[in-house]
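**Q** Chains as they are written, first to last, in my numbering: chain A, 87 to 429; chain B, 211 to 484.
Accuracy of the hints is not assured; some may be wrong.
Said to hold, decoys possible - Label-pair restraints from in silico Cβ distances:
{"hint": "1", "chain 1": "A", "residue 1": "Glu338", "chain 2": "B", "residue 2": "Gly469", "range": "34 to 40 Å"}
{"hint": "2", "chain 1": "B", "residue 1": "Thr420", "chain 2": "A", "residue 2": "Val218", "range": "40 to 46 Å"}
{"hint": "3", "chain 1": "B", "residue 1": "Lys474", "chain 2": "A", "residue 2": "Val218", "range": "45 to 51 Å"}
{"hint": "4", "chain 1": "B", "residue 1": "Thr262", "chain 2": "A", "residue 2": "Asp217", "range": "48 to 54 Å"}
{"hint": "5", "chain 1": "B", "residue 1": "Gly452", "chain 2": "A", "residue 2": "Glu321", "range": "50 to 56 Å"}
{"hint": "6", "chain 1": "B", "residue 1": "Pro241", "chain 2": "A", "residue 2": "Lys161", "range": "44 to 50 Å"}
{"hint": "7", "chain 1": "A", "residue 1": "Lys242", "chain 2": "B", "residue 2": "Lys320", "range": "48 to 54 Å"}
{"hint": "8", "chain 1": "A", "residue 1": "Asp279", "chain 2": "B", "residue 2": "Glu425", "range": "28 to 34 Å"}
{"hint": "9", "chain 1": "A", "residue 1": "Lys289", "chain 2": "B", "residue 2": "Gly452", "range": "37 to 43 Å"}
{"hint": "10", "chain 1": "A", "residue 1": "Gly136", "chain 2": "B", "residue 2": "Glu316", "range": "39 to 45 Å"}
{"hint": "11", "chain 1": "B", "residue 1": "Ala242", "chain 2": "A", "residue 2": "Arg104", "range": "45 to 51 Å"}
{"hint": "12", "chain 1": "B", "residue 1": "Glu425", "chain 2": "A", "residue 2": "Gly108", "range": "19 to 25 Å"}
{"hint": "13", "chain 1": "A", "residue 1": "Arg104", "chain 2": "B", "residue 2": "Gly469", "range": "28 to 34 Å"}
{"hint": "14", "chain 1": "B", "residue 1": "Thr446", "chain 2": "A", "residue 2": "Glu259", "range": "29 to 35 Å"}
Claimed, not checked - A short list of chain A residues far from chain B (calculated; beta carbon distances all over 10 Å):
{"hint": "15", "residue": "Asp122"}
{"hint": "16", "residue": "Gly311"}
{"hint": "17", "residue": "Tyr320"}
{"hint": "18", "residue": "Ile407"}
If you're looking for bench data, these hints aren't it; they were derived computationally from the structure.
Using N, Cα and C, we set each Cβ at its ideal position, and we do this for glycine too.
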Amino acid sequence: MKLEEYQGVWVFIEQNDRVIEGVSLELLGAGRKLADKLNVSLAGVLLGEGIKPLASEVITGGADEVYVIDHPVLKDYRTESYMKCIMLLAEKYKPEIFLYGATPNGKDLASAVATDLNTGLTADTTMLDVDVDNRLLEASRPAFGGNIMATILCKKHRPQMATVRPKVMKALEPDTARAGKIIEETISLAEEDMRTKVFQIVKDVTKKASLAEAHVIVCGGKGMGDLQNFGLLYELAETIGASVGGTRDVVEAGWLPHHLQIGQTGETVTPKIYFAVAVSGAIQHVVGMKNSEIIIAINKDPNAPIFDVATYGIVGDAMEIIPKLIEEFKQVPINQGGEISYA
Amino acid sequence: MHIVVCVKQVPDTKIIKINPKTNTLDRRSAPAILNPYDAHAVQEAVKIIEKTGGTISVLSMGPPQATAVIKKSIEIGADRGYLISDRAFAGADTLATSYALSKALERIGKDLPVDMVICGKHAIDGDTGQVGPGIARRMDIPPVTNVIEVTEVNEQEKTVLIKRKSTNGNELIQADLPCLLTVEKEINNIEYSPLPNMIKAVRYEPVIWTVADLENVECTQLGLKGSPTIVGKMFTPPKPEGGKRLEGSSDEQVKQLMGILMEKKELLTLQSSK
Chain A
87 MKLEEYQGVW VFIEQNDRVI EGVSLELLGA GRKLADKLNV SLAGVLLGEG
137 IKPLASEVIT GGADEVYVID HPVLKDYRTE SYMKCIMLLA EKYKPEIFLY
187 GATPNGKDLA SAVATDLNTG LTADTTMLDV DVDNRLLEAS RPAFGGNIMA
237 TILCKKHRPQ MATVRPKVMK ALEPDTARAG KIIEETISLA EEDMRTKVFQ
287 IVKDVTKKAS LAEAHVIVCG GKGMGDLQNF GLLYELAETI GASVGGTRDV
337 VEAGWLPHHL QIGQTGETVT PKIYFAVAVS GAIQHVVGMK NSEIIIAINK
387 DPNAPIFDVA TYGIVGDAME IIPKLIEEFK QVPINQGGEI SYA
Chain B
211 MHIVVCVKQV PDTKIIKINP KTNTLDRRSA PAILNPYDAH AVQEAVKIIE
261 KTGGTISVLS MGPPQATAVI KKSIEIGADR GYLISDRAFA GADTLATSYA
311 LSKALERIGK DLPVDMVICG KHAIDGDTGQ VGPGIARRMD IPPVTNVIEV
361 TEVNEQEKTV LIKRKSTNGN ELIQADLPCL LTVEKEINNI EYSPLPNMIK
411 AVRYEPVIWT VADLENVECT QLGLKGSPTI VGKMFTPPKP EGGKRLEGSS
461 DEQVKQLMGI LMEKKELLTL QSSK
């Protein structure tokens, strides 16, 4: 493999229903920095049906080029059809770095592509940089357990690939003055050759944002005592328009379903405000929430490790603090809150 | 129907301790367990085979003591277990791991063709979720990741109907058999093991293969040699400052907290009392 043949930074632009995922724009922001350091171009890869109009959004988001494949078979994401397109493009244009959002579909695609390209893939990256002299991507992620970061390198294979956690990188302000090139490629795909068919997509239409998207999260730990006490957290969440999550212990106790678990084996969340209520702060949990903007910890134990990552700590009994907090909020005139109301 | 479930032995991250000197995990402090997602994968195979009839094999890669997770899988309801164990596999990243496992699957398939492979969504130690799709590519079968329900297996048509979690919701997918699934925890509940399974598990001796037992293996694709990724450096992220403590009585604490939160009130969606 001639490494020097590979040039440029690529971002897989994930779209669902012709809407570009936030993480893809974040990756354009991060990719822009890498491309500038390496003095190469940044390209987006946009696949789907009827998605050509989205290409300009990729350029205003920071890309110099957009590779577009528009085909009816690409209407819904499928590993086999999408990876065929990626293989075609990657083998033809040879990027040196290729980033994907660490979403279910992004991870699925990147894992399959890495296997066929026989190259390295780093999962769930939270920090990206480049070693310019050696043209190496430095993809860092919490190492097993999370109190330590590991930087993963892929020295002898190209492209260097990574999936990147949503909400960790920053998107650029859209710049409508940016110019870029749209490169359309064609591929022959036939529906009858596909070994998977998507029958139905049920979109998550719950009123409250899913945990990964939530701006405010109230997370409870086993220290809440029992299911009934845990209900207080729902009341707080309802009062301030937050989503409820829990630690692994809470999920295993059956107080919450799996999809509301925050931590290494659950969701990673980065809300603006995170309440950790009666959560001790085991590393397993902390890796899933420590990038939240403001962390408010309430715990009886002054030595609980959660206080190390908390922006504000309250040593006290959640059963005393939370009802008072709810009461205070109920005194606030409603027009002082955010503009959206779920009521 | 022949289902092969890939399982991994992992340290239980829930009770693992940190060595305060080195800031690394003290693996000895944690018992080795069957990766929780893989337990659900075995359970799902049991549920499918209850309806279709057939055989469940489990496959693992690891040191000899990894036979423990195969025994655990037998307890849940697997029929056979295979462990590939060889120094040549050591140090494998996800690419080299999927290569080794796919070679073992090839060997298993020679005795009894494989209709479905099931893996956990990811292992709780590595947390990548990359090995399952990698195996599927190497076997050239469709991967379906993040599966939350196996709705129907149609043996005549050789198809399976599956619900998977996609980026923005759930999808109902039909995949041709053979295929590979990676499963979420919510796909099922682990049942209590029936006594005969437990007895079988105690006595069960899994088949153990070394590299020499596998066919057409390119040794350059195994273990450390076959792994394109390496750990460049380890570092401790800037330690959080361990923010401000709000002191005073609970009333005072709540008052201070309200002050902080009301500065961010644009993020809140207040529902005041009627």
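**Q** Does the structure break any of the earlier hints, and which numbers would those be?
**A** 3, 5, 7, 12, 13 and 18
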